[in-house]
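**Q** Spelled out from the first residue to the last, the chains are:
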Amino acid sequence: MIPLIIIAGYLALLLGLGLFSSRLFRGTSRDYMLASHSIGPVLLLMSIFGTTMTAFALVGSTGEAFKEGVGVYGMLASSSGIIHSLCFFVLGIRLWSFGHRYGYTTQIQFFRDRLQSDRIGLLLFPILVGLVIPYLLIGVMASGSVINSMTAGRPGPDGVVDGAFEQGTFPEFLEMGQGPDGRPSFAAGSAGGLPKQLASLIICGVVLIYVFFGGMRGTAWANTFQTIVFMVLGIVTFSMIAMKLGGKESFLESLRAASAAIPQDKLIRGPVGDHPGLSKLKFLTYMFVPLSVGMFPHLFQHWLTARSARSFKLPVVAHPIFIMIVWVPCVLIGAWAASDLFFGSLPPPLQAKLEANPNIVLPVMVKKLTNPVLGGFLTAGILAAIMSSLDSQFLCLGTMFTEDIVKHYGPKDRISDRQSVLIARLFIIGIVAVTYVLSLFEPRAVFTLGVWCFSGFASLFPLVFACIYWKRLTRAGAYASIIAAFGSWCYLFAESEFARNRSYTVNFTLGGVTYETMPVASMILASTAALVLVSLITRPPDREHLSRFFDSV
Amino acid sequence: MKQVVWGLVILLVILHHDVWLWDDPTLVGGFMPITLLYHAGISIAAGITWFLATRYAWPEGLDGDAGIPEADA
Chain A
14 MIPLIIIAGY LALLLGLGLF SSRLFRGTSR DYMLASHSIG PVLLLMSIFG
64 TTMTAFALVG STGEAFKEGV GVYGMLASSS GIIHSLCFFV LGIRLWSFGH
114 RYGYTTQIQF FRDRLQSDRI GLLLFPILVG LVIPYLLIGV MASGSVINSM
164 TAGRPGPDGV VDGAFEQGTF PEFLEMGQGP DGRPSFAAGS AGGLPKQLAS
214 LIICGVVLIY VFFGGMRGTA WANTFQTIVF MVLGIVTFSM IAMKLGGKES
264 FLESLRAASA AIPQDKLIRG PVGDHPGLSK LKFLTYMFVP LSVGMFPHLF
314 QHWLTARSAR SFKLPVVAHP IFIMIVWVPC VLIGAWAASD LFFGSLPPPL
364 QAKLEANPNI VLPVMVKKLT NPVLGGFLTA GILAAIMSSL DSQFLCLGTM
414 FTEDIVKHYG PKDRISDRQS VLIARLFIIG IVAVTYVLSL FEPRAVFTLG
464 VWCFSGFASL FPLVFACIYW KRLTRAGAYA SIIAAFGSWC YLFAESEFAR
514 NRSYTVNFTL GGVTYETMPV ASMILASTAA LVLVSLITRP PDREHLSRFF
564 DSV
Chain B
32 MKQVVWGLVI LLVILHHDVW LWDDPTLVGG FMPITLLYHA GISIAAGITW
82 FLATRYAWPE GLDGDAGIPE ADA
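Residue numbers (my numbering), protein chains in the order written: chain A, 14 to 566; chain B, 32 to 104.
Only chain A is shown next, with the shape it has when bound in the complex:
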């Protein structure tokens, strides 16, 4: 029950912060959606970092390192350190400058203006919303799994023992899961913890309340607070797990004992026994995945909150270092989890549960290797990472709907500023409800779902890059690029059996050798080829229009 009390206290604190920041709300839609462009470098760094680090970073990275080994860090974390900052530098600053000059609030406003096309908004809106929703699902699902794991009991001779709740506390459909023999089972369901569905609902409710009242300012403050929480608690937890797992007198000796037990196939990326390893070309093409930040609509909105272009300097420099601080401990913990010191010591039902759902590796380790107080705080830390992304995404979808659909197509002079804020808030409620309902269906692995979602955004990267740096880009080229990106994403997603095939790759055979590549590489290739070819065969945009976006025309 102690972890549950700490989690409840943390959520209450967060609600208080959100409600407090709402007292600074200036009442305008610009303030609600962009915090009146008042965010300085420290808040910008923390809110951008908090937004990009999700359940994917904490829960997903630990789970994936548990399955695949320490090579996960190179696959996504160190590449993100390079590519994310590259996107902030080459795209973020320029887009902030255009937004500042022409008064954009959303990505779609920029594309409509730059490409002189009203309809491009209608094409992009469903695609962007459709890609943000799986991203939201990752957070909502992971939050439910984490809270349930931390509050659940353990299998005993007469059923579940030490759970936070007795069997029968909640309705049967919330408590029972499917056991290994296919029959309803309490141990395979909520197992005495807060049921996942209820936990996810509470998280959705908390985020909804502080986004509803605090808008972008509340989101930025909450993100900053939550980023500090999950970074500090992550390091504390790492130390505690190392000490307990290693079981030696000193920290260093414990680290050595824990790492010495990592199985060989988790230390290297080549094949070992039955483990096929990671192909070098797949590793290379993974580098395209982080390009997704260039097209995240919620990140675009955060960029626009900056007070000045110079506010970007700190995020650009510190982002890779922050990634390292969060990911290195998570990946190491995941590799330790695969060792006999931990995995080998678990009862077979729990081993099976971990293999089926790697998302719960971190909470299970924390629960088994630390005390309930730290367990409660760490759960708060994981939830902090999850919620600091959910809030921005909810707010962004509300903003897009208000600005790109209602205000754009509705009677502009009849929608007051106050009504704009109201519409955004109502749409946010709707999106939270839809996301929550979708999360009730059985999830795919957080990591796999995340990679598909990021790949979709990354496939639109050539479009935003060309809008800023290529004068020859035409409206038709932009349409072709979006259609190629969307079409190739749908085709490859279906080919992967809708993410059921976790290790799906696009393979090419040359000279009898098969090369594995990440689907994102094919998507980017398709969207770039369509963009360039169609732009070159269609009439270039007029010089007068281009002079608004380029220094020399």
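Treat the hints with care, as some may be off.
Heads up, incomplete: computed chain B residues facing chain A, CB under 8 Å, no partners named [what the hints assert, rightly or not]:
1. 34
2. 37
3. 44
4. 50
5. 73
6. 90
7. 92
8. 93
Only part of the chain B face toward chain A is listed, based on derived beta-carbon distances under 8 Å [unchecked claim]:
9. 38
10. 71
11. 77
Hints listed in this document are in silico derivations from the structure and should not be mistaken for laboratory results.
All C-beta atoms in this analysis are idealised placements derived from N, C-alpha and C, irrespective of residue type, glycine included.
With chain A's structure known, arrange chain B on it following the hints.
**A** Quick look at chain B alone, frame taken from chain A:
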């Protein structure tokens, strides 16, 4: 200097692909897998490279950049 900075970014991307460590199970200091340590080093190098980029390759002529205090909100 601008070209040097962009050269460093390209070098980082190349160095990121550490095929020479693919099958190396060494634990540096007895606890840190060498591939993880190497990539943590890449993250630090990225921070340094981007610091140089903000100093020597910062885009000029951006709106609203002049005379705004850098104190945080």
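**Q** Each hint: holds or not?
**A** These are the hints, each one checked on the structure:
no.	hint	result
1	34	violated, 15 Å
2	37	violated, 10 Å
3	44	holds, 6 Å
4	50	holds, 6 Å
5	73	holds, 4 Å
6	90	holds, 6 Å
7	92	holds, 7 Å
8	93	holds, 4 Å
9	38	violated, 14 Å
10	71	holds, 5 Å
11	77	holds, 4 Å
Hints 1, 2 and 9, counting from the list given before, are not met by this structure.
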